[in-house]
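K.L.:
The chain contents come next:
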Amino acid sequence: MTLIILLGVSFFAAIVLAFVGDRRFAPEINILGSAATFIASVVLAVHVYYEGPMIAGRNFFFVDAFNVYLTVLTAFVSMTTAIFSRRYMRREREHGRVSHWGMRFYHAMFQLFIFAMLLALLTNNIGVLWIAMELATLSTVLLVSLYRTPRAIEAAWKYFILCGVGIAQALFGTVLLYFAAEKVLGEGGEALLWTNLIQVSGQLEPTVLRLAFVFLMVGYGTKVGLVPLHNWLPDAHSEGPTPISAVLSGLLLNIALYALVRCKVLVDLSTGTNMAGNMMMGFGLLSILVASFSLLRRKDIKRLFAYSSIEHMGIATFAFGLGGPIATFGALLHMLVHSLTKSSIFFTVGHASQMHGTQEMSKIKGLIKGNPLVGWGLVFGVMAIVGMPPFGVFTSEFLILTAAMKEAPLLAPLLLLGLGVAFAALFRRVQPMISGAVPSNQMPVKASHIPIILHMVLVLIIGIYMPNFLSEWFHTAVGLLK
Amino acid sequence: MNVFSPLFVMCLQFIAVLFAAPAFAGWVRMVKCWFQGRKSAGLFQPYRDIFKLLHKDVVLAENASWIFRFTPFLVFGTTVLAGVIIPILSIDLPLSATADAIALVALFTIARFFTALAGLDIGTAFGGMGSSREKTVASMSEPAMLMAIFTVSLVSQSTSISHMVNVIAHGEFVLRPSLAFALLAFILIALAETGRIPVDNPATHLELTMIHEAMILEYSGRHLALIEWAGMMKLFLFTTLGIALFFPWGIAAAGDITFLPVAILLLLIKLFFAGIGLVLIETGLAKMRLFRIQEFLGSAFLFATLGLLSYFMLE
Amino acid sequence: MNIAAQINSILAALVLLTAFGLLVQRRIYGLLHLFAWQGLFLSISTGVVGYVARQHHLYISSILTLALKVIVLPYILHTLIVRLKIHKEVETVVNIPTTMLMGIALVIFSYHLTAPIRELSTLVTRSTIAVALATVMLGLLMMITRRHAVTQIIGFLAMENGLFFAATSATYGMPLVVELGVGLDILIAAFIFGIFFFHIRETFDSLDVEQMARLKEEE
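Protein chains in written order, with our numbering: chain A, 1 to 482; chain B, 1001 to 1315; chain C, 2001 to 2219.
One should not assume that every hint holds.
[Stated by the list, open to error] Heads up, incomplete: computed chain C residues facing chain B, CB under 10 Å, no partners named:
#1 Q2006
#2 I2010
#3 A2013
#4 L2017
#5 F2020
#6 V2024
#7 A2053
#8 H2057
#9 L2101
#10 V2107
#11 A2134
In case anyone wonders, no lab produced these hints; they're calculated from the structure.
Please read all numbers here as calculations on a predicted model, not as lab measurements.
Here a beta-carbon is modelled for each residue, glycine too, at the ideal position from N, C-alpha and C.
Input sequences plus hints: build the corresponding full structure.
P.N.:
Below, the structure written as structure tokens:
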């Protein structure tokens, strides 16, 4: 029942907003829909926390600790982004950057995107997982090109083509997985259900699963933004409206990683080797290094943080690949805090670029003096994202580093190198923006204080004192991912 | 009688190739005229042309070397030799054990090589241009042709043409994609090798469009007769090679002389349709630009390779 | 059922042929027709497999493919081409004979890659999985070597064709719910790229994707 509300609200809201998206009360409907989804997700989470994994809808839905945690996270961040989007998009509308058709489309697609993400998380059927991921991509493609500038259209085209190609590879991997599963489970929808696959994973043919994982890695890895398949990410995350950048960076990458990890668990149990983990570690490390070095030369503020997303996803992928309780705990925590921090950063960055009418970092100055919320929000956001204590990101990165030094000591220096370079690059870039006098062309902006403050406070709390239920929750999830 | 039957077949084929080839060329020209709404000159016009040329004087350039004089005879000889290797009427040929598909291609290559040399021999601009264009076409069509023949030989596990034909004609009937691809490739290659539209126009003497004609522009009299006759025989042989490799049903088996008249009749029917098919292709397509020929032959090579691959992949 | 396996092999060969044809064809209408033929061969093949293996859901799949890939998608593309007034020949990044050679290399590569599946499969269609993967790879090659937005999309759709063929030949088709979902996704994608073309045209005045190379890495 909760599941129906959870998915139904966003789907229904999408349809409603398609018609009324350009009215004055549209953002409020958006917020209400997202809030209802969030409450439903919390109810679901509480249920799963106390009663264990849940199967519903005739085996169609499967909710365990791993995906319910991501569900709550997704619903929460979409709610705060909806709150942010209210002020942000109103101003964009006032400045004529979006037409009224654009607003309707934007609101409808926003809810549809949330629907697709939740479907991907909650389904038990690996084929439907693919379909939902593709739907999520498709619903955001045209949003990236919402402003209709040449750069936006180019970014959206790259996004469409590269992610489309990637996800087609993932479909082939899914077909191969079905091929292996069919031998053991028989034909029909039963063979694609995760719950069944986990039970018979020992009997699945290892050679086929190895081949399948390669395709799945390439496919879902493209969506996670792993190097060398990441070319679409900086463009897509920087050219769309800021709320979209926030949810793409904060949420969609997580879900793609979730899909990848589910497949990795299957492959590990079937082949008994560490091939999947090694591949993930390799790609993850490569992403960290390439992304952190790329941070040094960026000139556009959103692209800067998009590369930072690539780096952090690389850290999470590396950690999942490493395996073991500490690294997996760290990876799960990292997904959480990165989502919160990155979306908060994008909120502040969005306002900053609105204040100056540009996304170029050389033209953005004096943020603290101009708008203290935006300025200090950015400062704390960057401090958090580079892994300074007492923020939560420090905890997760520390855990991952510890695990790396224990299990893969030769790779730990590379990890440290990446983290260090990112630290330096981000501070170097952000420092001129926040300090100094206010430039003459800076426009005042009404910043959305609730989302920014809420996210940063949460990250701070998790860093200082992790609530018991959260750590228990993670422990259960870690147990599932063995 | 059994020892003599291969020799008998060989003599029969020898006569058939020599004297039926101009008739086939005449048939093709007739059908083309009908398609284009003209009155044709009759089925036996090519005979009259050759006869006329044999009576005329040879006009040789002063600086023509022995190559120039030797080439027509060589070309004629190799083409006739090719004629007795290809199973036209029967599989039973004395040379079939030694002369296989690769030897066949080599024979055509020798002829073509010497023609190209003869074109260069006199030192005219047209000759050189024709030779270089011909060699361009040859460099791409020969690998494709070998690939196509190898595909067929994979099916029959041998490169001897007689053996190949035997397996396909008298083996069980199976629909093979590899042979379909090879057939497609072979048609394209045959068009290129025999110099028909869309590769080369056999009736043109315009500088822009000549390939084969340019090489033999300086020949006259009996030399030209031999070369023209060899050209007609080459067309005939490529058609019968295609028929033998891909539609061989009705060919006489080894030692079966009594089947020969039926084989001859069936061959005539197949040639009838082949001529019409050739004219349909020639009339329907336009001659390609010279630089598109590499794509055309590249496609032929592609089809042949696909045939080879589909043998392994699908069969 | 030897004859059915042979028919299936011939259809697979024809699908491969159309995939190569898409790779080398210059004219846009030619591309469209080849794509429609590929869809037709695919749906006939699915029908044949459904008959041989007595899997009735494959009949539904076959009709779905026929409707979507032979009728609806070519129609959408045709309307777009007419509205966008695309006349020109399509340029390629690499010349055509080289593209063909790369295509052959990809076919050999995909044959190697699918060797383990061929050994394990017990289906009558197991030999065609190499062709399916080859079609996917050739679609990918087509997307890389073309500069026109419409042809990149046709390459993308050809890749989806290959995936559908892979599903049919490795596993007698995915479960119906998945097939429906995939079909729906493709349809939505078709609408999206239709809208896209107009946006691109408006902003860049041409559909040459080389124009869209401004977001280079100096940013």
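K.L.:
Give a verdict on every hint.
P.N.:
We went through each hint and held it up to the structure:
Annotation: interface hint on Q2006 (chain C) holds; nearest CB of chain B at approximately 5 Å, less than 10 Å. With a cut of 10 Å, the hint placing I2010 (chain C) at the interface with chain B holds, because the nearest CB-to-CB distance is about 5 Å. With 10 Å as the threshold, the beta carbon of A2013 (chain C) comes within range of chain B, its nearest partner Cβ sitting at about 3 Å, so the hint holds. Restraint check, L2017 (chain C) versus chain B: the minimum CB separation of about 7 Å is within 10 Å; hint holds.
Annotation: F2020 (chain C) was flagged as interfacial toward chain B, and the flag holds, the nearest CB pair being 6 Å apart, inside 10 Å. Proximity of V2024 (chain C) to chain B holds as hinted, the smallest CB-CB distance being about 7 Å (cut-off 10 Å). Taken as an interface hint, A2053 (chain C) does not check out: its beta carbon lies about 18 Å from the nearest beta carbon of chain B, beyond 10 Å. Against a cut-off of 10 Å between C-beta atoms, the interface hint on H2057 (chain C) is violated, since the closest Cβ of chain B lies about 25 Å away.
For L2101 (chain C), the interface hint holds, the least distance from its beta-carbon to any beta-carbon of chain B being 8 Å, beneath 10 Å. For V2107 (chain C), the suggested interface contact is upheld, since its CB lies about 6 Å from the closest CB of chain B, less than 10 Å. With a cut of 10 Å, the hint placing A2134 (chain C) at the interface with chain B holds, because the nearest CB-to-CB distance is about 8 Å.
Checked against the numbered hints given earlier, this structure breaks hints 7 and 8; the rest are met.
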